[in-house]
Every structure is written in structure tokens, then in C-alpha cells.
Amino acid sequence: VKHEFNKKWQLSHTQQYRLFDNVSKLNKLVSDIGCSYKINKQFKLAGGFRYLYDRKKDYTFTHDLRVNFDLLYEIKLSSKLDLEYRVRFQNSYTDLFTRFDQHREKANIRNRIKLSYQTNENHTFYFSSELFRQYVAYRKPYFNDLRLCLGDQMNLKKGKFDFSFCVEHQLNDEHPLNFFFLRLGYTFNLKLDSDV
Numbered sequence: 001v002k003h004e005f006n007k008k009w010q011l012s013h014t015q016q017y018r019l020f021d022n023v024s025k026l027n028k029l030v031s032d033i034g035c036s037y038k039i040n041k042q043f044k045l046a047g048g049f050r051y052l053y054d055r056k057k058d059y060t061f062t063h064d065l066r067v068n069f070d071l072l073y074e075i076k077l078s079s080k081l082d083l084e085y086r087v088r089f090q091n092s093y094t095d096l097f098t099r100f101d102q103h104r105e106k107a108n109i110r111n112r113i114k115l116s117y118q119t120n121e122n123h124t125f126y127f128s129s130e131l132f133r134q135y136v137a138y139r140k141p142y143f144n145d146l147r148l149c150l151g152d153q154m155n156l157k158k159g160k161f162d163f164s165f166c167v168e169h170q171l172n173d174e175h176p177l178n179f180f181f182l183r184l185g186y187t188f189n190l191k192l193d194s195d196v
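Reading the sequence shown from the start, the letters are residues 1 to 196 in the working numbering.
To be clear, the hints were calculated from the coordinates, so they are not data collected in a lab.
These figures come from a predicted structure and were not determined experimentally.
Careful, some of the hints might be misleading.
List time: in silico DSS-like cross-link candidates among lysine-lysine, alpha-carbon distance up to 30 Å [as the list claims (entries may be wrong)]:
#1 K57 with K7
#2 K2 with K140
#3 K76 with K44
#4 K157 with K41
#5 K41 with K140
#6 K56 with K157
#7 K106 with K7
#8 K158 with K57
#9 K157 with K57
#10 K158 with K8
#11 K38 with K8
#12 K140 with K80
#13 K106 with K76
#14 K25 with K76
#15 K76 with K28
#16 K28 with K7
#17 K28 with K57
#18 K2 with K57
#19 K160 with K8
#20 K44 with K114
#21 K158 with K114
What follows is a set of in silico ranges between Cβ atoms, one per label pair, in the way DEER data are often shown [what the hints assert, rightly or not]:
#22 Q16 with H169: 28 to 34 Å
#23 L77 with S31: 30 to 36 Å
#24 F165 with R104: 27 to 33 Å
C-beta atoms are modelled at their ideal positions from N, C-alpha and C, and glycine is treated no differently.
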């Protein structure tokens with residue numbers, strides 16, 4: 001859900017349910033709160049706070065937090081074609097509700113390039129490529145993930161429906177994981193009564 005205070009400031013909330021094992025088990029519950037500021041037609045600043053109820057490899061759940069800061073640059077290549085670059089710094093804290101010495105902290109810098117093509121008023125097809133660089137204690141920074149997504153954003157009467165197919169490949173790992181997933185999202189357009 002997004003709310004625009006004016007042409008420059010926007011507040012958003014996203015709720016995600018991530019499933020695995022053929023959509024039979026809960027993997028994560030994700031709550032995101034974000035704020036963005038539009039500097040001009042091409043540049044935007046954003047920040048966010050994420051809470052995760054996260055299932056680990058041993059099937060136990062942890063309470064994790066993440067903070068991120070973004071800089072976005074967007075340029076119109078033509079009337080229907082847009083190119084967007086986003087750099088994101090994020091810091092993650094695993095299982096904050098345990099004792100302090102058990103916390104695990106890691107940071108990532110994520111570089112994403114996204115190409116969008118608007119076929120008509122209802123459909124925008126896009127392709128994105130994102131490279132992750134991880135920073136953890138006692139190890140040199142390294143590229144750890146590459147994510148590729150192909151999707152379609154559809155404008156509907158009451159909001160936007162976003163569908164994409166993604167693949168994520170682990171880098172710099174002896175036994176890299178290739179992870180395929182579908183992403184479905186819906187953004188509601190709520191018109192508030194100005195008299196209230």
C-alpha cells in the first residue's frame with residue numbers, strides 16, 4: 001500500500017508471505033515500511049525497515065530486522081522504454097531477540113539495472129538484473145548472489161498486479177545454489193474522501 005503526501009514524498013507498506021516446498025510450507029513472513037523522496041525527474045532517495053519471521057535451514061524460526069537506503073536513477077530511452085538503476089545498502093540483523101553475543105550481522109550492497117517496456121496503458125513488461133556484494137565480519141567483501149527477473153506489471157481498476165519469474169544464482173561458493181521463484185504482488189489504490 002502506497003500513500004503520496006505530495007509530488008515528492010511517498011510512504012509505503014508491503015506485506016509478503018513467502019512459501020517453499022511446492023507452496024506447502026511457510027518460509028518467511030515479511031513486513032516492509034518504506035519512505036521515498038523524489039529529488040527530480042531522474043533521481044530518488046529511499047529508505048526502508050523490514051521485519052522478518054524467518055525459517056532457517058534447521059526449520060526453526062528467528063525474528064530478523066533489516067534496514068536499507070537506496071539511490072535510484074531513471075531515464076526515459078523512448079516514449080515506451082525506461083531504464084532504471086538502483087544502488088541499495090542494506091544491513092541485516094539475525095535473531096535480535098536472543099542474547100547480544102548471538103546476533104549475526106551482515107551487510108549487502110545491491111546494484112540493480114531494470115529495463116521496462118510499456119506496451120499500452122495496462123501492461124509494462126520488464127527485465128532486471130541485480131548483483132549482491134556481501135560484507136561480513138572476518139572476511140573480505142565478495143559478490144555472493146546474482147538475481148535475474150522477467151515480469152509484467154498490469155494496471156487494473158483498483159491497483160497494480162505484478163507478476164515475475166526470477167532466478168538467483170550464488171556466486172563464490174563451492175556448491176552454488178540456483179534458486180527459481182515466482183513473485184506475485186498487488187498494490188491497492190485507495191481513494192480517501194477529502195471531506196473526512
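Hints and how they fare:
Annotation: proposed proximity of K57 to K7 is violated, straight-line Cα distance about 44 Å (limit 30 Å). Only pairs whose Cα atoms come within 30 Å are accepted, and K2 paired with K140 is rejected, the gap being roughly 38 Å. Among the hinted pairs, K76 with K44 is consistent with the structure: their alpha-carbon atoms are about 15 Å apart, no more than 30 Å. Of the pairs offered as hints, the one joining K157 and K41 holds, with about 26 Å between alpha carbons and a cut-off of 30 Å not exceeded.
Our distance criterion of 30 Å between C-alpha atoms is broken by K41 and K140, whose separation comes to about 37 Å. Taking the CA atoms of K56 and K157, the gap is about 39 Å. The hint is violated against a cut of 30 Å. Simply put, K106 and K7 have alpha-carbon atoms about 34 Å apart, too far for the 30 Å limit, and the pair is violated. The straight-line distance between the Cα atoms of K158 and K57 is roughly 38 Å, outside the 30 Å bound, and the hint therefore fails.
The straight-line distance between the Cα atoms of K157 and K57 is roughly 41 Å, outside the 30 Å bound, and the hint therefore fails. For the proposed pair K158 and K8, the alpha carbon gap of about 23 Å is at most 30 Å, so the pair holds. With a C-alpha separation of about 5 Å, the suggested pair K38 and K8 falls inside the 30 Å cut-off, and the hint holds. Between K140 and K80 the alpha-carbon distance is near 42 Å, which puts this suggested pair outside the 30 Å criterion.
Our distance criterion of 30 Å between C-alpha atoms is broken by K106 and K76, whose separation comes to about 35 Å. For a cut-off of 30 Å, the pair hint linking K25 to K76 is broken: about 41 Å separates their Cα positions. The straight-line distance between the Cα atoms of K76 and K28 is roughly 36 Å, outside the 30 Å bound, and the hint therefore fails. Distance restraint check for K28 and K7: the Cα-Cα separation of roughly 33 Å exceeds the 30 Å cut-off, and the hinted pair is therefore not satisfied.
Restraint check for K28 and K57: the C-alpha separation of about 12 Å stays at or below 30 Å, so the hint holds. For the hint pairing K2 with K57, the CA-to-CA distance comes to about 33 Å; that exceeds 30 Å, so the pair is violated. About 21 Å separates the Cα atoms of K160 and K8, which keeps this hinted pair within 30 Å; it holds. A distance of roughly 15 Å separates the Cα atoms of K44 and K114; the hinted pair therefore holds under the 30 Å criterion.
At roughly 25 Å between alpha-carbon atoms, K158 and K114 fall within 30 Å of each other, so this suggested pair holds. Checking the proposed 28 to 34 Å range against Q16 and H169 shows it is violated: the Cβ atoms sit about 22 Å from each other. As the Cβ distance of L77 to S31 is approximately 35 Å, the hint placing it in 30 to 36 Å holds. Between F165 and R104 the Cβ separation comes to about 31 Å, which falls inside the hinted range of 27 to 33 Å.
Hints 1, 2, 5, 6, 7, 8, 9, 12, 13, 14, 15, 16, 18, 22 from the list above are not met by this structure, while the remaining hints are.
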